[in-house]
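Undergrad: Residue-level listing of the chains:
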Amino acid sequence: MNANGFVHKYGDNVDTDVIIPARHLNTADHRELAAHCMEDIDGEFIHKVKDGDIMVAGWNFGCGSSREHAPIAIKESGIRCVIAKTFARIFYRNSINIGLAILECEEAADDIESGDRVSVNFDTGIITNETKGKTYQAEPFPEFIKEIISKNGLLNSLK
Amino acid sequence: MGMTMTQKILAAHAGLDSVKAGQLIRANLDMVLGNDITSPVAINEFEKAGFSQVFDKSRISMVMDHFVPNKDIKAAQQCKQCRSFARRFDIDNYYDVGQMGIEHALLPEKGLVAAGECIIGADSHTCTYGALGAFSTGVGSTDMAAGMATGQAWFKVPEAIKFNLTGALSEDVSGKDVILHIIGRIGVDGALYKSMEFSGEGLKSLSMDDRLCIANMAIEAGAKNGIFAVDDITIAYMKGRVNREYKIYEADSDAQYTQVIDIDLSAIKPTVAFPHLPENTKTIDEVGDIPIDQVVIGSCTNGRLSDMAAAAAIIKGRNIHKNVRAIVIPATQAIYMECLKRGYIEAFVEAGCIVSTPTCGPCLGGYMGILAENERCVSTTNRNFVGRMGHVTSEIYLASPAVAAASAITGRISSPKEVK
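Each protein sequence line maps, in turn, to chains D and U. Using the numbering used here, you'd call the opening residue of the first sequence number 155 and step up by one each time. Using the numbering used here, you'd call the opening residue of the second sequence number 138 and step up by one each time.
So here's chain D without its partners, still in its complex pose:
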């Protein structure tokens, strides 16, 4: 499992209300949700994001509501992986449960800039900044969580 793409970077405490505002929660359609992803914090995001891109942020990413619509909107928008200093816990488990890759790495989150090209190896937790020629080490997933992700989400892992 790997990711390789350009970075969209945000700050601390990015909450689920800005990831997908509640005025759009009258639908569970993934495409419709993705069309409004990040619109209250970055109206340009949905126009510039490309399949395989990577999102980078600071502390407590995904705080607030438990809405799974938030990781769904990010994943459906084309983002392959989110790297942050820390994640709010419900966002963290929702991402794992739906198979959106996320990694905690303070050094990477500080150093990587918007537009950098970055690749990630999920097995080793190594993040490579190809633009800056630097690498960062994130904690790889525990086996229990790797298994959920490798089976493409929690419900498939229960079958």
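Source of the hints: derived by calculation from the structure; they are not laboratory data. Worth double-checking, as some hints may not be accurate.
[Stated by the list, open to error] List of simulated lysine-lysine pairs, DSBU-like, C-alpha gap at most 30 Å:
| id | chain 1 | residue 1 | chain 2 | residue 2 |
| --- | --- | --- | --- | --- |
| 1 | D | Lys305 | U | Lys554 |
| 2 | U | Lys554 | U | Lys478 |
| 3 | U | Lys293 | D | Lys305 |
| 4 | D | Lys300 | U | Lys554 |
With chain D's structure known, arrange chain U on it following the hints.
TA: Below, chain U alone, put in the same frame as chain D:
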């Protein structure tokens, strides 16, 4: 090694003698909850995965509360999907318009959650039920789907912060001020991944409504759950509501905490969280002159009877300021009826408030009080993020019902003392 309250409940529900922080476990669930926003996603996943039955129809609650009475056609479709699912599986605790209330006020009121139980809900404020001494935490829709199918959820056993409460609340200070004070101290990620465990002799000055409000906002400090030690007040509340056996868990004397924080309740003042994070707190005497456009009194945080009583005591016989729209939302039908009997609703309407049927509507910017550009709202709800209640330039100031009511009268953020 000793265990915290949360660790004991998780161990018991995982069929283990003991657990330790960091351990990954699979626990049996006593209740699985969803609402009209999160259940449709769960139902889609449940059906996509091919499940054909629920683990226990009496241990699933579905509450239509976010966008009901339906705000638009799409919201109506989502409720219809939940209604069909509930009928198909004969879900006992399906609550629709007429019986529904705001989920986290409704479930404790109906006795559907109790001390010692293990509860998940696809709503972040599911941590509210920790007020009863339960382990209760918010999850997403996929967890809800898995919970409905298997009766289980995976957890990483959390570490805990102990809050040792002493003293008693002063006049015009409530549970809301306590939790805003705490979040102001530790920050919006101050308890990230952890339990917030509340105990100490100060507990006896906190009503169940205060405790439900405090536990409700544990998530606003990033916590996995908030949990209160069970005492006579908890037991009295559950009596007549919970008609099944429940178990009281106490933390071991040698339980490990990452931090112990002493909170002197008597020193807490009315507290307001400024935009755009619940940690941006000021005490009421530090607020300054802030004119407002709207007040919302309600929500899963502060829509209970004592919240309505605190607001009515200030609003009765006075007039809402001409520049303010005041929206009052009793959280359940039972609370609404009691407000009617006690004359609160008459007092609110005579003063110039509107009183709504139970709904989460304005709290999350759904409907029933959306804010325009640059408008300011004093709200008894739980989040003041950018755009949470409307336009991205609007501002939300989180406060207690007493402060919100006083502010509705004066037209600016005010202490209850100013109007009494």
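Undergrad: If a hint holds in the structure, say so; if it does not, say that too.
TA: How the hints compare with the structure:
no.: 1; hint: D/Lys305 - U/Lys554; result: 59 Å, violated
no.: 2; hint: U/Lys554 - U/Lys478; result: 27 Å, holds
no.: 3; hint: U/Lys293 - D/Lys305; result: 20 Å, holds
no.: 4; hint: D/Lys300 - U/Lys554; result: 56 Å, violated
Hint violations for this structure: numbers 1 and 4, all remaining hints satisfied.
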